[in-house]
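Got chain B sorted already, so can you dock chains C and D onto it with the hints?
Residue numbers (the working numbering), protein chains in the order written: chain B, 1 to 287; chain C, 1001 to 1132; chain D, 2001 to 2268.
To be clear, the hints were calculated from the coordinates, so they are not data collected in a lab. Nothing here was measured: the structure is a model prediction, and the numbers come from that model. Do not rely on the hints blindly, as some may be mistaken.
[As the list claims (entries may be wrong)] Residues of chain D clear of chain B, computed beta-carbon distances all greater than 10 Å:
(1) Ala-2064
(2) Lys-2173
(3) Gln-2187
[What the hints assert, rightly or not] Here are the simulated BS3-like pairs of lysine-lysine, each with C-alpha atoms no more than 27 Å apart in a straight line:
(4) B:Lys-103 x C:Lys-1094
(5) C:Lys-1120 x B:Lys-103
(6) B:Lys-167 x C:Lys-1094
[Said to hold, decoys possible] FRET-style restraints, in silico, Cβ to Cβ:
(7) B:Glu-84 x C:Lys-1099: 37 to 43 Å
(8) D:Asp-2122 x B:Glu-194: 55 to 61 Å
(9) B:Ser-132 x C:Lys-1126: 33 to 39 Å
(10) D:Asp-2122 x C:Ile-1017: 21 to 27 Å
(11) C:Glu-1061 x B:Leu-142: 46 to 52 Å
(12) B:Glu-9 x D:Glu-2188: 40 to 46 Å
(13) B:Lys-167 x D:Glu-2188: 18 to 24 Å
(14) D:Gly-2201 x C:Glu-1091: 44 to 50 Å
(15) D:Arg-2220 x B:Leu-143: 51 to 57 Å
For every residue, glycine included, the Cβ atom is placed at its ideal position computed from N, Cα and C.
Chain by chain, the residues:
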Amino acid sequence: MRILVALDEHSYSAGIINSVARLAANTWADVTLLGVRPGGAAGGTFSMNHPLVNTFLGYKDDFLGQFADSYSPYTRQEQVAIGENNGIWEIPGTTDNSRKELKIRIRSGNPDREILEEARLTESDLIVLGCSGAGDCQWQGLLNLPEKVAKDASCSVMVIKEERIPKKIICCMDQPSVTQASVEMINQIVTINEADLEIIGLTGPKGLKEEVERQMDGILRYYMAQQINAWVKLVDMGALEEYVAQVSRDGMIALWMGKKSMLQKIFNRDLVGKLVTQAHSSVLILR
Amino acid sequence: MTIEQKTSILILDDEPIVSKRLKPSLDKNGYEVETFVRSVDALSRIRERDFDIIITDLKMEGVNGMEFLTEAKRRSPSTEVIVITGFATMETAKQSFSKGVFDFLAKPFKLGEILEVIRKADIKRKEKVAAA
Amino acid sequence: MIKTLLSLDENLASSIALRYAFHQANLIPAMKLQAIHVEEPDNNKKHSAGSGWVRRTWEKGMEAAGADEVNRLLKTENVSCTFVGPPKVFVGDRQDEILEELVIGGYDMYMEGDLNTSVVADFNNLITSDLYRKSPCPMMIVKNLITSNCAGLLCGDGVDHQKLITNYLKVFKNSGLELDLLYYKFQENDEVIFQDKEEAGSILIEAEKTLEAAGMHARRSQVISGSPERVGDYLRNYFLVASTFPSRKGPRLELLAHVLAPVFLCRQ
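Pulled out of the complex, with its shape left as it was, chain B reads as follows (with noise of 0.2 Å):
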């Protein structure tokens, strides 16, 4: 699994720095910490010793500082040297031996497209980030980038919230697409956090739609072979707001986007908006 921490210099992107390397303990994942500087003269020159580099390293230290045993994946490069490709800044976390690798990488442009395409170029299966809080999911001075990073990416997308282990993981469901990776994103997520899994189907004027009926059946099947517990629900897509405000307290969000996705046609707001920004908990966009 190849995981993109998408990070700033502010507080909620320090504070999400324990989730992710408890993520990546557990599934050993190459870890990229990708950083984005404004673009052009108001980025600065770039060098060692300008503060994103700074904040960089401390963010690596912590989530090194995580990996105390012999049998961390992550093998520490003592020498801090910075390397630049194509305008791409790049800082070495983990010696070549190491059994995963950990990089920082800082680009210049504008954030929310420089993360999108840091995740498709290095092939990333999620892409995980922080946002200022439980009704207000920003990133300082950036509109919306947690929401259009949410939106936009064509891999999963995790927006921390606050570091806390989530009791279930919910995952809502309106369109039969389902990819066999958004499964085994959920599998990993529930076995980390030894949660339960609620499957919702949302419903509209006419109730469950058939097809994703036979995809909840399917999803169903899948999890009680892997000896998962999974719970089976419907929510009406009009109460879909108030249902995820009262289980996001103690569960995570998620929600499967496929193509055929209708619900952003059936909501006046974007639904992922609104899950980014109004869950109390963190949010999993599963693609």
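Then chains C and D, alone, in the frame of chain B:
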């Protein structure tokens, strides 16, 4: 003139989609691939012949992946084992490495990632053969 | 023998109910299942039914289609439940046909799948339907497939615990399931609070005595307070939650509507 033997790979995963996804790509890259969905069948096969590389899931009915890879390494210590798992934990990763696996990949992963791991395992194996 | 009528359609709710019934039949060797399926003529097409041999032929066709549906489900699920006979397939009004079979067949329990919506009105409509109101036996609403080994008996709020325990034990006495006696107190907050049985006055203590007289004992007796949503969620891991039919709209009805576990309801 010597003809280089193809690197043999055994894939064991109880989810058929994993082998279905991997096999065509590995075939194309010149590997000799056998796939299994039942660990008991894979176990019978490694008793018949050695493989250069084994890719195995962990959580399976019957003989689980950890038991399978232990037996595979016991029979053929030079075989490089790559663990792929949908239910990764720190413990299973540590346990895998203590058994001498080459790499541990948590699902989901992209095809490119596992192909890269297989390539590295193959290089390591060939280096060991050359050194011997 | 514990005769159980299991209603099946070709959908997710029935698929869950069938797997749950299979699990239950494994726990209770005396349980014998009878599958039933009712083909309801589409109202828009009812005139096409015709009369005389035309109608009989049409009914035969409907029955055959219904039998195919149930057999497909049984084949898909591939469960080896002990059915007492082939599925019974009827054409007509679903509730009327099932009710008639319940009355004629002398069943000990009726079971069907129903996906939880947590909408109290949906649950209330179900349990106040003719089928539930007139049923001669306890009813099991399977909302999820739970395979734990403990049942919760929900007392208080008008429940005649003697009737509840008698009806429950009639079916589940030899199931090996453990038992918790629960008393629910409505409280509008986000937390689920647990209190000792004494908080329920003498209700749980009396229920314990009734159980003991029947040769059983409760693993735990406790008062649970919280909103119906939160407590319903907490009860998700029970193999089933048993209670009597709520006689009015109130906290117990709301709680049972929100419970994610299967619900066993009996009359008092």
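Taking the hints in turn, this is what the structure says about them:
1. Ala-2064: holds (22 Å)
2. Lys-2173: Given that every Cβ of chain B is farther than 10 Å from that of Lys-2173 (chain D), nearest at about 26 Å, it holds.
3. Gln-2187: Holds: least Cβ distance 15 Å, greater than 10 Å.
4. B:Lys-103 x C:Lys-1094: holds (22 Å)
5. C:Lys-1120 x B:Lys-103: Given that 27 Å is the threshold and the Cα spacing comes to 20 Å, the pair holds.
6. B:Lys-167 x C:Lys-1094: At roughly 25 Å apart (the allowed maximum being 27 Å), Lys-1094 (chain C) and Lys-167 (chain B) satisfy the hint.
7. B:Glu-84 x C:Lys-1099: 37 to 43 Å: holds (40 Å)
8. D:Asp-2122 x B:Glu-194: 55 to 61 Å: Violated, since Asp-2122 (chain D) and Glu-194 (chain B) (Cβ atoms, about 32 Å apart) do not stay within the stated range.
9. B:Ser-132 x C:Lys-1126: 33 to 39 Å: Violated, at about 52 Å.
10. D:Asp-2122 x C:Ile-1017: 21 to 27 Å: Between Asp-2122 (chain D) and Ile-1017 (chain C), where Cβ atoms are some 37 Å apart, the hint is violated.
11. C:Glu-1061 x B:Leu-142: 46 to 52 Å: holds (48 Å)
12. B:Glu-9 x D:Glu-2188: 40 to 46 Å: holds (42 Å)
13. B:Lys-167 x D:Glu-2188: 18 to 24 Å: Cβ of Lys-167 (chain B) to Cβ of Glu-2188 (chain D): about 21 Å, so the range 18 to 24 Å holds.
14. D:Gly-2201 x C:Glu-1091: 44 to 50 Å: holds (48 Å)
15. D:Arg-2220 x B:Leu-143: 51 to 57 Å: About 52 Å separates the Cβ atoms of Arg-2220 (chain D) and Leu-143 (chain B), which means 51 to 57 Å holds.
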